[in-house]
Amino acid sequence: MHPYVRPNQFLAFKLPSEQTRIQKIVPNTEIFLGKYGSFPANQIIGRPFYLTYEIHETPGDANSKYLRIVTAAELHAESLITDGENDGDDLELNEDGTPVRTNRETVDDRSTQKLTLEEIEALKKESSGAGRAIIAKLLESHQALDQKTAFSLAKYKLRKERKYMKRFTVMPLDVSLLTNYMLEDREAAKTLELRDELIGLIGCWGNVHHGGSSSFEETIAARPNGRYLVVDDTGGLVVAAMAERMGMLYPHDGDDEEEQDAAEPEVPEGEERNEEEEPITNAAGRVHRRQMSAQGNTITLLHANKQPNLNLLKYFGYEQDNISETHPLYTNLKTVSFLQLLDPNADTIYAQEPPVVPDAELATYKSSKRSSYHRKRGRWMRTRRVVDEARTGGFDGLIIASMMDPGSILKHAIPLLSGSAPVVIYSPTVEPLTEVTDLYSTARKNAWMTRRRELEEQAEQESEDPEEISRKVTAQLVEEFYVDPTTLLSPTLQTSRVRVWQVLPGRTHPLMSGRGGAEGYIFHGIRVIPRAVNIEAAGDPARKRRRLAKQPEFETPTETPAASGDVEMTS
Amino acid sequence: MPSPFLTPGSHSSLDQLALLHLRRDHAIPTVLCLHDEDNAGYKEGKVTTTRFGSFPHSTLTDQPWGSQIGASKVDTGSRRGRGPQKKNHKLKRKAEELDSATTTTPGDGDAPQAAVAASSGFLHLVYPTPELWTTSLPHRTQVVYTPDYSYILHRLRARPGTTIIEAGAGSGSFTHASVRAVFNGYPSDPSASNNTKKRRLGKVCSFEFHEQRAAKVRQEITEHGLDGLVEVTHRDVYRDGFLLQQPKTGPSPKANAIFLDLPAPWLALKHLVRHPADGSESPLDPSSPVYLCTFSPCLEQVQRTISTLRQMSWLSISMVEVNHHRIEVRRERTGLEYERIRGAVVFPKDVDEAVVRMRQVEDHSRKYRELMLKMDDDETTPIPPSLAKKTGPEDKDLAASDIPTYKQGRLVHRSEQDLKTHTSYLVFAVLPRDWTEEDERKCREKWAPHQVDVVSNEKPKGKRQLKREKKQAEEQQEGQKEETADAAAENA
Chain H
-13 MHPYVRPNQF LAFKLPSEQT RIQKIVPNTE IFLGKYGSFP ANQIIGRPFY LTYEIHETPG
47 DANSKYLRIV TAAELHAESL ITDGENDGDD LELNEDGTPV RTNRETVDDR STQKLTLEEI
107 EALKKESSGA GRAIIAKLLE SHQALDQKTA FSLAKYKLRK ERKYMKRFTV MPLDVSLLTN
167 YMLEDREAAK TLELRDELIG LIGCWGNVHH GGSSSFEETI AARPNGRYLV VDDTGGLVVA
227 AMAERMGMLY PHDGDDEEEQ DAAEPEVPEG EERNEEEEPI TNAAGRVHRR QMSAQGNTIT
287 LLHANKQPNL NLLKYFGYEQ DNISETHPLY TNLKTVSFLQ LLDPNADTIY AQEPPVVPDA
347 ELATYKSSKR SSYHRKRGRW MRTRRVVDEA RTGGFDGLII ASMMDPGSIL KHAIPLLSGS
407 APVVIYSPTV EPLTEVTDLY STARKNAWMT RRRELEEQAE QESEDPEEIS RKVTAQLVEE
467 FYVDPTTLLS PTLQTSRVRV WQVLPGRTHP LMSGRGGAEG YIFHGIRVIP RAVNIEAAGD
527 PARKRRRLAK QPEFETPTET PAASGDVEMT S
Chain B
-8 MPSPFLTPGS HSSLDQLALL HLRRDHAIPT VLCLHDEDNA GYKEGKVTTT RFGSFPHSTL
52 TDQPWGSQIG ASKVDTGSRR GRGPQKKNHK LKRKAEELDS ATTTTPGDGD APQAAVAASS
112 GFLHLVYPTP ELWTTSLPHR TQVVYTPDYS YILHRLRARP GTTIIEAGAG SGSFTHASVR
172 AVFNGYPSDP SASNNTKKRR LGKVCSFEFH EQRAAKVRQE ITEHGLDGLV EVTHRDVYRD
232 GFLLQQPKTG PSPKANAIFL DLPAPWLALK HLVRHPADGS ESPLDPSSPV YLCTFSPCLE
292 QVQRTISTLR QMSWLSISMV EVNHHRIEVR RERTGLEYER IRGAVVFPKD VDEAVVRMRQ
352 VEDHSRKYRE LMLKMDDDET TPIPPSLAKK TGPEDKDLAA SDIPTYKQGR LVHRSEQDLK
412 THTSYLVFAV LPRDWTEEDE RKCREKWAPH QVDVVSNEKP KGKRQLKREK KQAEEQQEGQ
472 KEETADAAAE NA
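Protein chains in written order, with the working numbering: chain H, -13 to 557; chain B, -8 to 483.
Okay, chain H solo, but in the shape it has when bound:
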């Protein structure tokens, strides 16, 4: 939650032009908002979010700058007045029922505005009322103002306000805002054009949530909950969205709503970087935090390059090069490359253990050499632990938003999931996902089961070792089918989009324009564990008989639960 603006936090300014600007709030600095002016950061630190301010200053006096909170009544003034006047229906009508003012006589040129550009510029320099004076002047000197309909007058005023009002709104920087910012104000391609509504869907279908506190879990089940596997090529946006849902995105998550009057949370002592493994409890009983050491409620990121790209996490206080040890993600975000996952011994960091130096010898080292020794040992141990843990599997969910072929990821990632774990794939375009859906089609499931039976019978004649049989059969099946279609239940493809409306008294309609580009699609399925032995599906025999009677020439090799599903992707 966002009780107040904290120093050195990133936040967002919503400008009158509807643009968003993201800025880090450093105490004792000036904040520049382009043509909307500038103000000292100290005037918003400690203040609540969602307030709208106006920048006031006496021209020429830098120390006279102050921010005035614009009240809600003021922000809504226009609609409240219209509301009060005539309950929404604000078309003024003549006696014959035609509107008093129409745009029939409007002259579409600039001659109606009597203020020249120079005069406006001069006004901007002098005026003090946060731009209000300019707008009043502009309206005053507009020749044809009385000809305007209520709608066009409102529009005209809004346009001028956007241009001249020195206003801004302070917004907390969260995943929702960042998503819209990347989509509207920045390069949408960097986040794979991921939309806010789809982030919500990914989180829900992925069943991403806080895993509970681990101490309690240990008494219930040996397995920690809330371990998620992620492939994220959106620069960290998907990881951020998941971390937000898991309650570990914000550095102050968990240390609760202490009021700012209370002492600032002290920086825990004894947290200096010490890369040796195994938590060491110091005299005060505090457990040292080790990077990537958390058990439950963790995200394991699979990445395609040597280093993952988690650029966007910097807005949430997680700097990739210099990770703050107090950030929850320091312990709960683990990174594993695909090479480490599939062939760990080919990875230098994993495979080459730095030689252990005896303590006596270590004592003779210079301190810089000693710390580099500890760092290397620590990195190796951490990599070993994290990679081995990932390869063991048992994850509670898989979320993919990748530029790579999703089928190739599923092939390696699905075996790492525990049963009933959800699989969610996001793609900006539908084609990669239709291919994945097809990989898990009912027709394929049936073919896989039939083929497996065939191959097993074949292999049994050649060999008696059950292990060899199953190995042979699996190899042959994977070659033919690429992935095991029976491991994913009810693959579903969907898309969602919100439509924004303008709701004003008498002027309610959907917004006229929006962002095109990628629609964005979500694939979802549930990991299941098929029986080692084939089970025949049972259908409703009455229905089956009916169908067979109608189409005697057609026979499915095995009947499926979705008795009617031949080409439908149901299961």
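Careful, some of the hints might be misleading.
In silico DSSO-like links for lysine-lysine, alpha-carbon gap of 30 angstroms or less [claimed, not checked]: (1) B:LYS398 <-> H:LYS458; (2) H:LYS123 <-> H:LYS0; (3) B:LYS462 <-> H:LYS362; (4) B:LYS358 <-> B:LYS340; (5) H:LYS146 <-> H:LYS300; (6) H:LYS146 <-> H:LYS176; (7) B:LYS437 <-> H:LYS0; (8) H:LYS10 <-> B:LYS437; (9) B:LYS462 <-> H:LYS292; (10) B:LYS462 <-> H:LYS352; (11) B:LYS261 <-> H:LYS0; (12) H:LYS10 <-> H:LYS149; (13) H:LYS397 <-> H:LYS292; (14) H:LYS300 <-> B:LYS462; (15) H:LYS149 <-> H:LYS51; (16) H:LYS10 <-> B:LYS411; (17) B:LYS461 <-> H:LYS292; (18) H:LYS300 <-> B:LYS461; (19) H:LYS51 <-> H:LYS10; (20) H:LYS397 <-> B:LYS433; (21) H:LYS146 <-> H:LYS100; (22) B:LYS433 <-> H:LYS0; (23) H:LYS0 <-> H:LYS146; (24) B:LYS437 <-> H:LYS300; (25) B:LYS437 <-> H:LYS355; (26) H:LYS123 <-> H:LYS141; (27) H:LYS0 <-> H:LYS10.
Partial list, derived from the structure: chain H residues whose beta carbon lies under 8 angstroms from chain B [said to hold, decoys possible]: (28) THR44; (29) PRO45; (30) GLY46; (31) ASN49; (32) SER65; (33) ILE67; (34) HIS196; (35) ARG231; (36) MET232; (37) ASP424; (38) SER482; (39) ARG485; (40) VAL486.
The set of hints was computed from the structure by calculation and includes no laboratory data.
Positions of the beta carbon are idealized from the N, C-alpha and C atoms, including for glycine.
Go by the hints and put chain B onto chain H.
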């Protein structure tokens, strides 16, 4: 008891809700139980009967989640005293009727018999999620579906540790989704109380004015292990507001987020203010902004709601609707070679095939005409068998069968048949924290309003800082050397 929705563990266990997944959008929720006092009948204990066979709970309990479970041979007939009957007779009943989880169990004492595997039929045992629950829950009112609630909860900033008010619990679909969103530990968790830092636990405060529905939701919450995380109150919120337990005097839920699924949300808004007119405590969290969403199907409701929100100083008011559709993926097989294959379109797949086919037809009719001419000459000649036989697609059949059926044709996608074109309009708004002159004065004392330091470029400073930190770390490591070495030795 941990909730299977939040911390399902690795295996299904007794007295927990489990979902028996039959096919997409069709899962039967059932509480696993060996004996049940409800009804007598089965020798195997509690049994759930589906259209894909019967499943004694003994075969469902203590299985890894996600397992494929085979059906068992269960005598479903004799328990009603109608004498032994074949299973097939039972299956003649309407499938829907069968799937409605007719769970019955033996009465007193008898230990349940071991289940015998049936020859066919299976289902998948999965742990419940709000999404699956939404599609399988017993409908009492209109349900808020996944596309809507996922977006609502995201926009409401419902995160672990949040307290959310839900008015109009209805069928409980939103309740389950929101408790997952705010969950960050069970209230009974001993580690939370040991923790010196007070950690706020996420909670859902659900209000429902229909007494039976409220009772039903309460019962479900208990069955699903969500007690303490969800507090259901039977209340008319228009009149009595949102304080817990007692209308005017009860404790405040201190909500950070509010979801109103009510016919007239504007009537409830008067209670959702920082300083209620009647002097009672505000149900809102005084230390954070409060996010609100209302869910109304009609535009008129939206207009009234927004008008009231403006009067009550809510900010960032926006209204959206969610358009969601599912996409069906199939292989479309068009071509003359697909004759006799179900679901395929027998039609030339391209111009070439059409031309070839027409040539064949032309050829055939020319020969036929020639033949007829001949026949006029010689009336006794029968039609030669080679011509009588249709120009079949045998040769092409061979070509088509090289590709397995699941790869034939072209992959296409389209919207699913049943489309929800409108669910409801969603109105969002934010109420910032209260900010008084006094607060502002304190802030000004702490942060000098006009102080602007001339800061040097940040980057070189950052590097220096890094070095300094490193040095400090080394010095401290010296001090801790022994301790570290010991630990390393233990490690090795």
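Tested hints:
1. B:LYS398 <-> H:LYS458: OK: B:LYS398 and H:LYS458 at ~23 angstroms, within 30 angstroms.
2. H:LYS123 <-> H:LYS0: The hint holds at about 25 angstroms.
3. B:LYS462 <-> H:LYS362: holds (17 angstroms)
4. B:LYS358 <-> B:LYS340: Holds, at about 26 angstroms.
5. H:LYS146 <-> H:LYS300: violated (36 angstroms)
6. H:LYS146 <-> H:LYS176: violated (33 angstroms)
7. B:LYS437 <-> H:LYS0: Satisfied, since the Cα-Cα distance of roughly 26 angstroms is no more than 30 angstroms.
8. H:LYS10 <-> B:LYS437: Roughly 19 angstroms separates the two Cα atoms, so the pair holds.
9. B:LYS462 <-> H:LYS292: holds (29 angstroms)
10. B:LYS462 <-> H:LYS352: holds (12 angstroms)
11. B:LYS261 <-> H:LYS0: holds (28 angstroms)
12. H:LYS10 <-> H:LYS149: holds (25 angstroms)
13. H:LYS397 <-> H:LYS292: holds (21 angstroms)
14. H:LYS300 <-> B:LYS462: holds (25 angstroms)
15. H:LYS149 <-> H:LYS51: holds (20 angstroms)
16. H:LYS10 <-> B:LYS411: violated (43 angstroms)
17. B:LYS461 <-> H:LYS292: holds (25 angstroms)
18. H:LYS300 <-> B:LYS461: holds (22 angstroms)
19. H:LYS51 <-> H:LYS10: Holds, because 20 angstroms separates the two Cα atoms, which is no more than 30 angstroms.
20. H:LYS397 <-> B:LYS433: Roughly 59 angstroms between the alpha carbons, so the hint for H:LYS397 and B:LYS433 is violated.
21. H:LYS146 <-> H:LYS100: holds (15 angstroms)
22. B:LYS433 <-> H:LYS0: Holds: B:LYS433 and H:LYS0 sit about 26 angstroms apart, inside 30 angstroms.
23. H:LYS0 <-> H:LYS146: holds (17 angstroms)
24. B:LYS437 <-> H:LYS300: holds (27 angstroms)
25. B:LYS437 <-> H:LYS355: violated (43 angstroms)
26. H:LYS123 <-> H:LYS141: Within the cut-off at roughly 17 angstroms; holds.
27. H:LYS0 <-> H:LYS10: holds (14 angstroms)
28. THR44: violated (13 angstroms)
29. PRO45: Hint violated; H:PRO45 Cβ to chain B Cβ min 16 angstroms, cut 8 angstroms.
30. GLY46: For H:GLY46, the interface hint is violated, since the closest Cβ of chain B sits about 15 angstroms away, which is over 8 angstroms.
31. ASN49: Result: holds, 5 angstroms to nearest chain B Cβ.
32. SER65: Holds. Min distance 6 angstroms.
33. ILE67: violated (11 angstroms)
34. HIS196: holds (4 angstroms)
35. ARG231: holds (7 angstroms)
36. MET232: Hint on H:MET232: holds, closest Cβ of chain B at ~7 angstroms, below 8 angstroms.
37. ASP424: Because about 5 angstroms separates H:ASP424 from the closest Cβ in chain B, which is inside the 8 angstroms limit, the hint holds.
38. SER482: OK, holds: H:SER482 within 8 angstroms of chain B, min 4 angstroms.
39. ARG485: Constraint on H:ARG485 satisfied, holds at 5 angstroms.
40. VAL486: holds (5 angstroms)
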